[in-house]
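Please dock the two separately framed chains into a single complex, following the hints provided.
Heads up: the sequence lines are chains W and C, in that order. Each number in this note's numbering comes from the position in the first sequence (counting from 1) with 652 added on. Each number in this note's numbering comes from the position in the second sequence (counting from 1) with 139 added on.
Hints listed in this document are in silico derivations from the structure and should not be mistaken for laboratory results. Since this is a predicted model, take the numbers as computed values, not measurements. A portion of the hints provided could be inaccurate.
As the list claims (entries may be wrong) - Taking lysine-lysine pairs in the PhoX-like style, the calculated list, with each CA pair at most 25 angstroms apart, reads:
#1 W/846 - C/241
#2 C/241 - C/252
#3 W/820 - C/171
#4 W/849 - C/189
#5 W/813 - C/252
#6 C/182 - W/846
#7 C/171 - C/182
#8 C/182 - W/812
#9 C/252 - W/812
#10 W/812 - W/849
#11 C/189 - W/846
#12 W/813 - C/182
#13 C/252 - W/849
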Amino acid sequence: MKTRIFAGLFFSLIIAGMNFTAFGQESEGTVTGKEKGESESVFDASTFIMEHIADSHEWHLLTKKDGESVAIYLPVILYSREKGIDLFSSKKLAHGNTYKGYKLEEEGDLKGTIVNIKEDGTVDEESFPLDFSITKTIVGLLFSAIIGLLLFIGLGRSYKKTGISHPKGMQSFLEPLILFIRDDIAIANIGEHKYEKYMPYLLTVFFFILLNNLMGLIPFPPPFGANVTGNIAVTFVLAFFTFIITQFSGNKNYWKHVFATPGVPLWLLPVMIPVELIGIISKPFALMIRLFANITAGHIIVLSLVALIFIFDTVWVSPVSIMFVIFMDCLELLVAFLQAYVFTLLSALFISLAVQEHH
Amino acid sequence: MVLLAGSLTTPAIGTIFWTTLIFGLFFFLLSKFAWKPILSAVKARDEMIKGSLKSAEKAREEMLKLQSDNEAILRKAREEREEILKEARDVRDKLVAEAKGKASQEAEKLMEKARAAIESEKLKAISEIREQVALLSVEIASKLLGEQLKQTGEQEKLINSYLKEIDFKKN
Chain W
653 MKTRIFAGLF FSLIIAGMNF TAFGQESEGT VTGKEKGESE SVFDASTFIM EHIADSHEWH
713 LLTKKDGESV AIYLPVILYS REKGIDLFSS KKLAHGNTYK GYKLEEEGDL KGTIVNIKED
773 GTVDEESFPL DFSITKTIVG LLFSAIIGLL LFIGLGRSYK KTGISHPKGM QSFLEPLILF
833 IRDDIAIANI GEHKYEKYMP YLLTVFFFIL LNNLMGLIPF PPPFGANVTG NIAVTFVLAF
893 FTFIITQFSG NKNYWKHVFA TPGVPLWLLP VMIPVELIGI ISKPFALMIR LFANITAGHI
953 IVLSLVALIF IFDTVWVSPV SIMFVIFMDC LELLVAFLQA YVFTLLSALF ISLAVQEHH
Chain C
140 MVLLAGSLTT PAIGTIFWTT LIFGLFFFLL SKFAWKPILS AVKARDEMIK GSLKSAEKAR
200 EEMLKLQSDN EAILRKAREE REEILKEARD VRDKLVAEAK GKASQEAEKL MEKARAAIES
260 EKLKAISEIR EQVALLSVEI ASKLLGEQLK QTGEQEKLIN SYLKEIDFKK N
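Same shape as in the complex, but just chain C (with noise of 0.2 angstroms):
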């Protein structure tokens, strides 16, 4: 055993030459056709799974950013379509006071010239039955009184100054 241990542990020049040119050259040749393709498809690899993680993570934010903003927009939407709703009720309720307003003045405006215009029909009714009156008590009172009584200015002015005192509203 002791024998050989001074060869064994000596570094021979040939090995050494040897070696260095093999590793070295196993060394550069690897480099160049296994490690860099290797490493870079890894690395690739690596960054692909980084990325998608990442634009997953931001696909998902910004769908809950989009799914908040649809709950806003509808809360909106619901608040807006409350309000006009409201608007038309209220609208709808001026509108109905208004009309009801205008109706009755309308319908008072109406009455006030249906009383009016049956006042003055009533008035030239009077009038006339007035006249009637007059002339049928004249025939009455020429009739009564015979034909001798003759249809002068003098009895028609008569006639009209008893008529006048006849007060009709008493009747």
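Bound conformation, chain W alone (with noise of 0.2 angstroms):
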């Protein structure tokens, strides 16, 4: 457990270094890029990449010959003191349109964000508004929570119908679903006593992963194929659900264990705390690193597929980009189950380190 702990702290210092190293060689990049640029034909697969799997204030459904792109703008939101709370379409600021004092960056350092325009024109580098845009992320959480809701709650509805029945319909083929979480993960970890009250997060983090995961898999129409568990945010969050329902279910045993480790003599406690800390800290860190980079990584994965037909430039190398772009949806159809399953049963057992009652 613990070398898993700091494995997973381990990357994710070396994907935050990475982070950094991008940084410094973005302006190299950059120019690159811009002379790529001027020989319009050239394809250039990492920003074909990138642009299906970055966040985006549009939702980028074609580009047609001429270059004219078809999308679905989405509402921005923008929220700065100065200004107050603006509300508008992101159509206004496409092609890099400067509306009410915004633009969307198209190149640069802050490609995909929305910057303050000062009155002579250039970009305000100080102060940025604060972007509540519903993104295409949102909106395809927005709709999986949707499908999510009424699949549940007509659940919850037939259930109370049929009372202590045996299962019928829809009921057969989610409760099987429903018993593996409540048997497999929240009993074989928490245990038979504490187990009931975390069901309800436990289930709803299973099927919220497993439904965006899906709706991920799902390459069109619109509100599917949006890399939504593959946003660091979206991670950012569940992760930050599980790291509080763990902070607030810890019993005396489990803060005891944090700041008093037992059998650790008393001049090492400087020393342990800080790393108990760090491992308290780095469990849902490890959480939400995982969950981003596999649904990421199988979106890259799948797109560099279909990218290889445009670099090579002929349609023959279509066959081979499609059998392995079916071979890696089944993979990531299987990923789909697995990081829902991995996420929910290592909430489960960092719950159920908190709660223990003797170590």
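What follows is the structure in structure tokens.
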């Protein structure tokens, strides 16, 4: 368990490090990108992939031959202390247009962020508006939540109707999953006496991740195909929920283990307490990174295989690409279930560490 | 690829806000309207199954107990019957023996009485016979002696003394 946590921490540090180096390399990358941009016909696979997996203010559908793109323009909601709340369609900011002193950056460090434009026409590097826009990720999230609500509230109603008779219809499909989470995740980890309190959260988080993973696998049309669980903010929120629930269910033993680890000499505690605190943070941190990295990686691989067709610029590559994409999609289907399971399992495990009676 | 790595690994505040809101609401609504009825129904079903299994087990045990009880009762009844029969047989034997004893006693008594009666009758008969014989012999003697002999007290005494001398038992 400990080794896994430290491994998670280690990898997260590496990723954070990569993050910084990425910033370092960006200026260089931009230049080459611009150079390439001059000769229009060259296909840039990394831009193609990143535009698909990154969050966006518009839902890009297709680009016509003349370069005009067809997209669903999503609402932009901005807040800044000076300007207050602003709500408008992202169409106003399309193609680098400036609207109400806002501009959607299309190049450089701030690509994809909405910035303030100063009166002399330059970007205000000091203050940025807070972006509460309904982005592609949020739309995907919203739709999966609606589908989930319809599905499970309907299921709850049907249970009220059928009472304690055998499962029927949708019940027989979803009940095994629910029982699996109850028996093999909640009871197996948290224990017979305390699991009931955590069942709603575990079930919610499992089906939420699963639904979003599955919806992300369906490439078209919107609201499918958004990289929701591959968005670090989404996984951050999910991991944060687990973190909060874990800390709030921590009993005496748990906190004693953190602040006065049994069997550790007193003089070592100044070292042990920070280590334990890092352990507390690194557990949900690993959850966040794991889900994000797995789902994003899946999307990147599928998109790379599609991009092969355009890189080779021949339709004859497509059979190979399609075969690989089908294979990857099957794998991703497994990963969708697996990651939902792993997230739920580890959440249950962390909760169980916080509620267990004796060590 | 490197270009957007920064925006990929940096959580956006707006996305965090909306995700928290949506997930929180999702969590709340599902807990209230989905998981509660589903889990309680599943639990009720589990409990019902457990309960019925337990009661079935109990019923089976009870049946076994009843069966063994039945057997015990049967055995006891059989034993009782044996005993009653034996008792009856004893009573009958005793009664029979008693009856037999009484009957033979009665018979003995009757025989005794009969014998006594016979004896007395015999004695009576003998004395009568003796009288008759005396009279007859007197008549015969008178006839034989003719009518000279008068029937006096002297004569009668004589006859009686003769008669006494005759021992009937000898003939």
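Consistency of the hints with the structure:
1. W/846 - C/241: Violated: residue 846 of chain W and residue 241 of chain C sit about 92 angstroms apart, past 25 angstroms.
2. C/241 - C/252: OK: residue 241 of chain C and residue 252 of chain C at ~16 angstroms, within 25 angstroms.
3. W/820 - C/171: holds, 22 angstroms
4. W/849 - C/189: holds, 22 angstroms
5. W/813 - C/252: Distance ~105 angstroms between residue 813 of chain W and residue 252 of chain C Cα, so the pair is violated.
6. C/182 - W/846: This hinted pair holds, its Cα atoms lying about 15 angstroms apart.
7. C/171 - C/182: holds, 16 angstroms
8. C/182 - W/812: Holds, because 13 angstroms separates the two Cα atoms, which is no more than 25 angstroms.
9. C/252 - W/812: violated, 106 angstroms
10. W/812 - W/849: Holds: residue 812 of chain W and residue 849 of chain W sit about 21 angstroms apart, inside 25 angstroms.
11. C/189 - W/846: holds, 20 angstroms
12. W/813 - C/182: Holds - the C-alpha atoms of residue 182 of chain C and residue 813 of chain W are around 15 angstroms apart, at most 25 angstroms.
13. C/252 - W/849: violated, 111 angstroms
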